[in-house]
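Engineer: As a plain string of letters, each chain reads:
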Amino acid sequence: MTNDRYDVIVIGGGPAGLAAAVSAHDNDARVLLIEREARLGGILKQCIHDGFGLLRFGEKLSGPEYAERYIDMFRARDIPALTLTFVTKIVKTEQGFEVHAVNRQGISVHYAHALVLATGCRERTAKQVFIHGTRPSGVFTAGTAQHFVNLLGEMPAKKCVILGSGDIGLIMARRLTLEGARVLGVYEAKPTPSGLTRNLQQCLYDYDIPLHLSHTVTRVFGVDRLEGVEISEVDENMKPIPGTQTRLDCDALILSVGLIPENELAESLGVEIDPKTKGPYCDGQCMTGVPGVFSCGNALHVNDLVDYVSENAAAAGKAAALYTPAPQKYVPLHADGSFLYIVPQRLDLNRDNTKVAVYFRSGGDFNKTRLSVTADGREVFAKKYAFLRPPEMEKLELDFGAFGLTEESDIRFALQLQAEKEREA
Amino acid sequence: MRMDMSKCNRKLNKQFGGRVRASFENDCIVLRGELERWPDVISACRTAARKYSRIHVVNDIVCPEAQDAPMRRPSFTDHTLEGAAPDVLVIGGGISGASIARELTKWKLNVLLVEKESDLALQASGRNDGEVHPGIDLGKGSLKHKYIRTANRMFDTVCKDLNVEFHRVGQYVLFGDVWLKPLIRLYCLWRKYHDGIEDTVLISGAQLKRKEPLLDPEAKFAILNPSAGVVCPYGLTIAYAENAVQNGAKVSLGTAVLGMEVENGTIRAVHTNRGTLYPKVVINAAGVFAEEIAKMADDRFYSIHPRRGTNSILDKKAGVYMHSIASVIDLRAQLRAHTKGGGTMRTAHGNLLAGPDAVETWQKENTETHPESIRVVFDKQKKTLPRLSERDIITYFTGVRAPTFEEDFIIERGRRTKNLIHCAGIQSPGLTTAPAVAIDVAQTAADMLSEKMTVEKNPAFDPVRKGIPALREMDEAQRAELIKENPDYGVIVCRCEEVSKGEILDALRSPICVPTVDGVKKRVRPGMGRCQGGFCSPLVTQIIADYLGVPLSEVRKSGEGSVITFGKTKTPEGGGEA
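Each protein sequence line maps, in turn, to chains V and W. Under our numbering, the first sequence has 122 at position 122, and the numbering climbs by one with no breaks. Under our numbering, the second sequence has 523 at position 523, and the numbering climbs by one with no breaks.
Do not take every clue at face value.
Once the Cα atoms are required to be at most 30 Å apart in a straight line, the calculated DSS-like pairs of lysine-lysine come out as [as the list claims (entries may be wrong)]:
#1 V/Lys127 <-> W/Lys382
#2 W/Lys570 <-> W/Lys108
#3 W/Lys382 <-> W/Lys209
#4 W/Lys250 <-> W/Lys457
#5 W/Lys51 <-> V/Lys89
#6 W/Lys108 <-> W/Lys280
#7 V/Lys127 <-> W/Lys568
#8 W/Lys317 <-> V/Lys89
#9 V/Lys190 <-> W/Lys382
#10 W/Lys570 <-> V/Lys158
#11 V/Lys278 <-> V/Lys45
Derived by calculation from the structure, the hints in this document are not laboratory data.
With the sequences and hints as input, model every part of the structure.
Structural biologist: This is how it looks when you write it as structure tokens:
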């Protein structure tokens, strides 16, 4: 067993982990990054399509190119990284954290003052959306299919159906089409698409792939390899309507039915999880409810663009580097029912809240909306949006320091449809 | 022996207006006629059957609705087994066949086990809840009862020898009505003194709460059966078969019995897709197909009516809600149903499990799942464990039980065919009884063979199977030691279940190599976790391909044709242009 002491240990070497490590290093912390895969870059390694980096670098990069930029920054700083190394457990101690890891060399224990959890997210599976029937091969989550096609150069489908209009599903529809597979259609249980508008255009419409809203896959057929799927229409509660089933023959079903932040390590430390984001409750510094544990990227909440992941992770890395224990003085940020969620969910008034990034998604498709932030009934911030859609994450930067907040402050985020606002006036 | 069928036929006439008739032939109750619907067939056969009777109902009722698909069998034929003349041929690689094969290797015998599927325990033995039953619900006079107590006690030794995870966690049966307590106390006493189920105790609601604080808060008292336990059912089956192979038995997967030649009450030859065999003794452990095998052997004296059940596996995060096996009992439902009605439990691997239900079906191999099964089980079991939630489900699966209409096992020599032993009608608690049943069946086979040849004990028999180390369960020093010997143990492939590349390679090098994604998954668990192989399945597929030295597109999930990919991109096989 070997021992090492660090200011910050970053767990996860994807875009979030890399940005966090670089930022922590630049804020004079001694950093160690631990990555379970052989190579850094996380899921970006398999995202060979472009569109990454528009916000961050002002150009359209492919996933591997975007990752490379951060890997270069990371390497230029000589930050130590353990790859093909898996964290088995983390123990909280008086001084900080004891990170136990396993790799080909054996077991190692590393000590850190603060942790950044950049563990990414995983995909929801067929059984989590209650698909029934047989258990053949040929049912893949979109990310798994992408791994086969883009990393292994293998075709997982010849004639396939895609369930879910999440971004990876849309991207895989195009990718498989380009590789010669037939994509019979994309089926989405919701009445509105789940992916970014640009992906709907560039991945489906440009290739004449039909999108069927309010439809889902209820059953799969085939004992060995998938032979077909049953499609059902769903009602407004997304429940299949009996009698609407039709069978579609295909050899693969690709699922893009949602992402779940990976927080098993966080939970083992006692970090409390927000049921809305499925990531930790955090404050303006990305610190979770467990002092010294920071969360960022898709582990904190599922982002739409990697650019936001890098930005948010850099903030977390910096905060971890600057972390000194202090009692928390929390004030919650309330979001009304028109939001899907907001992050952070609270502020720690003992920290610097002059420049806090707030990420949110709306709870529905809204046109001409006014976002209003009030503190104790007094509006402290407002912004107009031409449209808001749940798939498109929004970001604000707020100077909460200017609002004169106390622990008793009642901070509320609300979305008002302009039409309503005008009526009120 | 004669049996008067007139009373039975009066009942059948009343129910089905003369469309079905029972007659007593060859010591069996044979039902003939025609019924439109399968539930009526079941009902007619139940009318004629007596529970636990040795006189069985043979179902020859024609039912147009019940047209089952032909038995799934390997598509290939070869001659690898042609002319083989094992002393004992075991048909079926479920828990019964595997445990019998292992017990047979205690003698110096040539043992061959054939299984038509691509792996062991692919049907009922791999598709149940893994409970080691205490026998509280079994009455004297049945074979189930005869074996349950002995077998239950054997589990500690058997699982230690075979290196299989087993936890004697106890089973709670919860009651909400306090007025039932005196009755249940009497029931337990009856079971104790009449049926010898000695360990059962009654505990109060308060005691229950101390032991399992999250179970039904309205439970007033509970039966506690401390002898109940949980085991990995396919793990135990595989372990038995591997130990059999270590001790000299041969296991041939992908081998289906297609016919037999029977002369003068003796099986002379057994036809398979891999050649004709000439066994001295045949053991029928064919599960739902036991009746078909009996028929081939000219010894059909019972009928199997398939009954499916679906279990749900929940996230290990929900596994902490309880430590044992529990169910709330609705006495009225209990009297009607042919199952303990399912329950909730923490499996041997630490997941929460809910189920199973019980649905009669004519389809012996249809293991499709249906939303109703999940609904029925969850509606009921949320009473047992209020925290139970569909949201925690990570997977569900269906198994098909193989009961007779007498709802008891058939463990005996052939009635007309001399060199045959039936181990049929095996349903719950067949997993529990297997260790004891196997000893009996193996002894019977040895006795049969002794009539014709000298049967000696196998002095080299080693009961111990060295399993594959599960590194996630070891302490760090042990783990580090193993990684030093084999660095692949330090490469984690499956993050959810923390499975290393070394363990996966061990599974591929195990005595019965099943180089499929499911085969590896059953042996060392990659893909069993909450992401269901989302992250690790490409890696596992690649490891298998590398190990076999074949292209990735030849690696299968499970059976023939269950390929995972179709070939390289940019090639005609992969669907693209060359």
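Engineer: Determine for every hint whether it applies to the structure shown.
Structural biologist: Taking the hints in turn, this is what the structure says about them:
1. Straight-line distance between C-alpha atoms of V/Lys127 and W/Lys382 comes to about 19 Å, which keeps the hinted pair within the 30 Å bound.
2. Among the hinted pairs, W/Lys570 with W/Lys108 is inconsistent with the structure: their alpha-carbon atoms are about 56 Å apart, more than 30 Å.
3. The hinted pair formed by W/Lys382 and W/Lys209 meets the criterion: a straight-line CA distance of about 16 Å does not exceed 30 Å.
4. This hinted pair checks out: W/Lys250 and W/Lys457 have alpha carbons roughly 18 Å apart, not beyond 30 Å.
5. As the CA atoms of W/Lys51 and V/Lys89 are separated by approximately 54 Å, the hinted pair breaks the 30 Å bound.
6. Between W/Lys108 and W/Lys280 the alpha-carbon distance is near 14 Å, which keeps this suggested pair within the 30 Å criterion.
7. Restraint check for V/Lys127 and W/Lys568: satisfied, since their Cα atoms lie roughly 29 Å apart, inside the 30 Å limit.
8. Under the criterion of a C-alpha separation no larger than 30 Å, the hint pairing W/Lys317 with V/Lys89 is consistent with the structure, at around 16 Å.
9. Among the hinted pairs, V/Lys190 with W/Lys382 is consistent with the structure: their alpha-carbon atoms are about 28 Å apart, no more than 30 Å.
10. Proposed proximity of W/Lys570 and V/Lys158 is supported: the alpha carbons are some 12 Å apart, at most 30 Å.
11. Restraint check for V/Lys278 and V/Lys45: the C-alpha separation of about 24 Å stays at or below 30 Å, so the hint holds.
In terms of the numbered hints stated before, the structure departs from hints 2, 5, listed from lowest to highest.
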